[in-house]
Amino acid sequence: MMTGNDSASSRPFNNQKLESILEAILFAANKVMSIDTLYNLLQEDVSPSRPEIKVALTSLMAVYQNKGINLVELAGGYRFQTKKEYSTWVSRLWDEKPQKYSRAMLETLALIAYRQPITRGDIEEVRGVVVSSTIMKTLQERNWIKVVGHRDVPGRPSMYATTKQFLDYFNLKSLDELPSLAEIRDIETISKEVSPQDLVES
Amino acid sequence: MSGLTQLSVPELKEQPTIQQDLPFAIVEGKPITEVPHDLYIPPDALSVILDAFEGPLDLLLYLIRRQNMDILDINVSEITLQYVEYINLAKSIQFELAAEYLLMAAILAEIKSRMLLPKLAEEDEECDDPRAELIRRLQQYERFKKAAQDIDEMPRINRDIYAAHADVEHASSPMPAADVNLQEIFSALKSVLDRSDLFEHHHIQKEKLSTRERMAQILLILSNESSEGHFVSFFSLFSPEEGRPGVVVSFLAIMELVKEQLVDFVQAEAFGSIHLKARNS
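Sequences listed follow chains A and B, in order. Just so you know, the working numbering puts 149 at position 149 of the first sequence, and the rest follows in order with no gaps. Throughout, the working numbering is defined as the position within the second sequence, counted from one, plus 1000.
Simulated from the structure, these hints should not be mistaken for lab results. A portion of the hints provided could be inaccurate.
[Unchecked claim] Part of the chain B face toward chain A, derived, beta carbon under 8 Å:
hint: 1; residue: Gln-1140
hint: 2; residue: Asp-1150
hint: 3; residue: Asp-1152
hint: 4; residue: Ile-1161
hint: 5; residue: Val-1168
hint: 6; residue: Ala-1216
hint: 7; residue: Leu-1219
[Claimed, not checked] Cross-link-like lysine-lysine pairs, in silico, DSS-like; alpha carbons within 25 Å at most:
hint: 8; chain 1: B; residue 1: Lys-1146; chain 2: A; residue 2: Lys-84
hint: 9; chain 1: B; residue 1: Lys-1030; chain 2: A; residue 2: Lys-137
hint: 10; chain 1: B; residue 1: Lys-1146; chain 2: A; residue 2: Lys-173
hint: 11; chain 1: A; residue 1: Lys-100; chain 2: B; residue 2: Lys-1146
We put the CB at the ideal spot given by N, CA and C, even for glycine.
Take the sequences, apply the hints, and build the full model.
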């Protein structure tokens, strides 16, 4: 006969142990790990529930609070990473300077991030210049953007949106952590800033 | 393009009352008689600057900001004049401008000409300002220009933050390295040598065999085959007809290639036949 008491005492782990297991996995994995992935990894023996994993991770975050590395939650899951304030020193490990992105690429990325789903035409309208195919290709190759559909207009242009990898790369948990768009000074003589797209979204 | 020629007409006709100082521009009702100092950009610098613009909107924003002009109250004729100046300068230094720049010049010229037309009293004020659409676009572009800067400043992987990683102790490597026992290679060599003995009496004085040359020959065979995904049998690389020296040179060449990590040995099973393939193909 199964009782609640039985299952609790037969659990092969305590919270401390689970934390250590998760810590070890996250360090060894060297990539963002979702709760689901962690859950599946531990299913055959430790078998913690998803909320238990979540609690353990939250507690791990607290453990690392005052260290040079910390555990962060991102769009794709959890990752141990060095803290930003130590980048000056950490970066000296490598001769290569981190890649700088062109303004064209950043502006294109910004438009996709803030206005998704967005077509190339929309991007061109705001930037006033043709969108470079190389930039779109690079963004897609980096898995930062993807085609999420096609707008139902002649030519059925692809609509682009950002990916989880984009958020992970920029250390974000979700899109609303992006810095808010600069406010526009209001004036009556200007027609409202509402583009057709905003209407579709709301 | 006919609109462009009209741009050079000075704006003085609008203010015929001010005669004494010949102001070249009127900003918010005030006559400006001196060229503001910050407007002068050395022509050499211009080619560098032009390259830095992300399009006509970017250039316009720059011109507006440069003069501390209110974006909501753009002096279209002033801006148009400067804009066209830039375009002409770009042309004169044979800087290739995208068609969008010319389109913007036409838009500016159109706005300017519409601003010169007398307003009809009954027309709706809000829809009337011919600058409204341009201002909307400029503002919108400026927002995303700023957003792009914001994104650039966000902490990002391998610049501001680095993924932390720990090595795994006693990790079982998922791909066992296909090691070939040296003994096996020697016994394979022996069987080749034995076979070459059968041809001993054919031994002919040849040119001195070059290991380097043999390496190149073998590498060529391997890369041709490997590119099609084939492996080459260890034995097939030897020509017993060459006799002992030829076999030795071939063997040395193969060893040298392995040492220089240009080829890999592959053996499917113990005592199985040894194959070679070129790396990086």
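Each hint, compared with the structure:
1. Gln-1140: Status holds, d = 5 Å.
2. Asp-1150: With a minimum Cβ separation of about 4 Å from chain A (threshold 8 Å), the hint on Asp-1150(B) holds.
3. Asp-1152: holds (5 Å)
4. Ile-1161: Check passed: Cβ of Ile-1161(B) comes within 5 Å of chain A, closer than 8 Å.
5. Val-1168: OK, holds: Val-1168(B) within 8 Å of chain A, min 5 Å.
6. Ala-1216: Check failed: Cβ of Ala-1216(B) comes no nearer than 34 Å to chain A, outside 8 Å.
7. Leu-1219: violated (32 Å)
8. Lys-1146(B) <-> Lys-84(A): holds (22 Å)
9. Lys-1030(B) <-> Lys-137(A): Judged against 25 Å, a Cα distance of about 51 Å means the pair is violated.
10. Lys-1146(B) <-> Lys-173(A): It holds: about 21 Å lies between the C-alpha atoms, which stays within 25 Å.
11. Lys-100(A) <-> Lys-1146(B): holds (17 Å)
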